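Reassemble the complex: the two chains are provided individually, in unrelated frames, and hints are given to aid placement.
Chains as they are written, first to last, in this note's numbering: chain A, 1 to 355; chain B, 1 to 277.
Chain A is faced by these chain B residues, among others (derived, beta-carbon under 10 angstroms):
(1) 170
(2) 172
(3) 173
(4) 174
(5) 177
(6) 189
(7) 190
(8) 194
(9) 196
Far from chain B, by Cβ distances over 10 angstroms, these chain A residues were calculated:
(10) 126
(11) 130
(12) 201
(13) 246
(14) 298
(15) 300
(16) 307
(17) 315
(18) 347
Please keep in mind that the hints were generated in silico from the structure rather than gathered at the bench.
Predicted model, so just to flag it, every value in this text is computed and none were measured.
Every residue, glycine too, gets a C-beta built ideally from N, C-alpha and C.
Given next are the chains, with one letter for each unit.
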Amino acid sequence: MSIEIRNITKTFAGYTALDSVNLTVASGDLVALLGPSGCGKTTLLRIIAGLEAPDSGSIILENRDTTNLSPKEKNVGFVFQHYALFRRLTVFENVAFGLRVLPARHRPSRSEIRDRVEHLLKLVQMEWALNRYPEQLSGGQRQRVALARALAVKPRVLLLDEPFSALDAKVRQELRRWLRKLHDEIHVTSIFVTHDQEEALELADRIVVINKGKIEQEGSPQQVYDHPANAFVYNFLGNVNVFHGRLTNGVVNLGAQTSNGEHPQKGETTGKAFVRPHEIGISRIRSNESDIAGTILEIRLMGGQIGLSVASEGFEHPIEAEIPRELFRNLQLERGTGVFITFNNIRIFSGDYEI
Amino acid sequence: MSRFQKLPRHILPGFGLSMGYAVFYLSAIVIVPLSTIFLNTLQMDAETFFSAVSAPRVLASYRLSMTTAFFAALFDALAGMLTAWVLVRYRFPGRKLLDSLVDLPFALPTAVAGICFATLYAPGGWLGVFFEKWNLPVINTPSGIVIALVFIGFPFVVRTIQPVLEELEPEVEESAYSLGANRWQTFRKILFPHLLPALLTGTTLAFARSLGEYGSVIFIAGNLPMKTEIAPLMIMSKLDQFDYAGASAVALVLLAMSFGMLLVLNSIQSWQQKEIR
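In isolation and in its complexed conformation, chain B is listed as follows (with noise of 0.2 angstroms):
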């Protein structure tokens, strides 16, 4: 141990260079930008702040926000776990296709993302017959709005848990059958708690990018008042109206939520990490 002591601090030179620029950047790119709207928020009083915060329009599209996201990221959570199996599992043909189709969420502007739904589920579109016919109305109501904001957090998930299921060999699997476990088994005792930090995290981004999704839902979600408006199209709406104070009363409630949800996720990783050591 005290050998290693005595070695250079840091192998790799320029430290403090390095350490500048990023502090720097990171300061210009995400700290300075918002905290001006901790700035924005500190001329309102406390009383104008919490009514805000608090209309019944603004928590109705809180709730909305939340409960989409939350369903969204639990189907994407199921079907980016299968996705990223049959891509790292199989080899078939188009592999590679299907493999940057996954991506196609990230690349895609939202707005056309939105439009192509729009058309998709609305009345005699080409799926909107059927939930037509089944009774089921997609547009103007939050199923569309989960059916937009699954679209967008799918690639999260399926590019965590792609590298860590890769990382684990056939032969685990393969031990766990000879000794005499069932396929549900091996999945239970020993793929899932392998892949669940992962998945954890890929779920969690995909809910916290849900959360703050802007351009795909508002083509879809109709945004009815008490109904079908999410978060940030409030703060669109109070931005339309020259309500500065008001939008960054609302941005700083959901930057609280992203804050928080990146917190559970991180505390859960070193938990996680903890129990391996």
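Chain A on its own, in the form it takes in the complex (with noise of 0.2 angstroms):
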């Protein structure tokens, strides 16, 4: 069931929480909708389910103008940040509430609803808590029998209101993996908002990132990823260090270092530089001409990677740098250790963006 959003516009008391956003999602994708709180994520996904009125604008399921339609003739199954399971029903009964709900000649039969519901319950690992109540599960469990529940309908499209943030990290991780291991199962057109570029990175198959109120950028993960549009995805969607510099000709001079010149600007200006932390080469000799002389500052553990902030002469902050556990061993490095610099991968950005 494909989805066209059309010039949707939604404002609330004064503020613009949508500002006539386009955007298409083919049958079957698996999209995520990213952006900071307060970017209208939610509200366009409320206003797809009819949750909430749009100003101006249509929302079109395959076809068919829905805009003005009731959550009820919608037919869209969502799924809500903090469960909203019915909490005097059992697992059993808020997964088959919206088959008994239904009017008595579409309403399946006894059976049909039991078997339909032990089926959903057993597609989400659930089947064992038939008889319990929400209170008795989990974080992880309720999201899991939230989304049963919303599936039960056969809905022709599946939205999830930040789904995995009321969870823990582990937990988040395995209901990651979980979810899009279940839509290659069953491919219903799903659209889930998330803050977090990591799950939007490794779960959907395209991202729309979203800023006050506008779509920034649109596009697969790599895309996205590997070229963002403007500053401020490229911000969002990872760490980043913030220099200001001498633009000459679309060329950023960094101490010795200049970028590969993707700006087509001409003339002499001041302008920012980023540079991702990973991309960031730290070396213990000077191998290059162009290599910065810093200090280490500070070491972080952060997993698999190890933090780095550099000071270094003719830069106002610290330089943040991640490199592998590996390499940070070999070197040898600690707190007040003399390294070498060498940024890999300079980017600059049309626009006044402020970061």
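Here's what the structure looks like:
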């Protein structure tokens, strides 16, 4: 089931949550709406579900305008951040709810409902909890029940509002992988909202980056990560060093190093250059004329990677770098060690985006 | 599990002292005064006790008190649920004022309320005019008593339902809608079961309170023997005639009723709790 979002605008008491947003989601895709909190991504999801009415624009599901349909008529599955399970109903009754409220002539028989609910609970690996109440389950288990409940009505589209953000890191990662696998099995067109770029990059077929009610970029995780459209997207998708420097014919000079000239601007200006921490080379010997000398200020353990803060003359703030643990051990780095820095990938963007 | 058993049994200090105070005050304020009722009735033999509590006039007053309190509580249940809903779910100018008005029946001397109702519904009063026209007398009838009791019991229902409603996230309703339920199904299958324990508690409290209400009722009821005499009034009139034992006997029956109500309430609540666990 494809989704077409046309010119959706929504304002709340003076501020614009969505500013004529256009987006097309292909049938069977798993799409992430990624953005900082308050950027309008949840509002967009709620408008698709019919839980919120847009000021203007339309939502088209498989060539049918559903903008003014109630949630009941839309047949859209919605999974909430805090599960929103029915506390006074068992897990079985929670999942069966959508089937039991169908009008009598569409409602499946008791045994059909039983079969369907059991099948769904098996799908989400919760078949053992049939007669439990939501209070007796952990967060991750509750979210899986919520997912089964949303799937019970055979929704045309599945919408998930920050489905994993209330869970702890380990469970979050597990559920993420599991959701990807589930999606590959059932192929229902799905949109999920997240502010976690890692989650979006790992899980989605396509990523839509939203900021201040507008779509900044849309594309596959690869495209969005490797070819960010602007400074906001670049910054939002990972850690970044920001440097102020002189731009000469679109080339920035950082110390003795220059960017690879993607920027078309001519003449002399000042500008900002961006470098990702893991795109910084660290060594103990100078291998190149342009290497920048610095001193290690701080060392942080970050799991597989080691984070370094390096102070260097000519740079206002310490330079943040990330290197593999293996390299860190080989270089025998300590606080105060002198090192040489190479920027492997310097990026410049036009526009005055402020970070 | 075993790790926790090694912790001190009471985390807050001074358990013995505070428990002692609680028991002492409970005795001084509740148990001692109530036990005088028992002691007073013990002075009577069984026969006089039964004739005192089963005189036709007394029986009629029980019946009246029970039925009026029942209908008042029923009305409060509906109106209270609606009011709590409006107060919790909608934001409108004057909401705070409305919210504090709910407590008025708690604060207002009941006699004042009684006088207000009596003037309002008296023939020729603001509302009495209409009821006269429709030939529906309010003053000196059980319906008048119900009106006064509705007023008295109202805050009990609102104040017990309000916190439970506040705790229920709007997402729960939204998920019911998105699963295809209409408003009635959402109310019947999700909201109402969620509110039921609080609703039962509030309604029972309103009922128990109405059973013993005196001040606001006597002004509007007219106190006609066999017709509009409520049970607490029977106690008063027996006291007026210095029939302390008789008054205690009637009081004992009322006490048993109230206690029975609270017992029923408690067992409903524990049954509800068990269902969840």
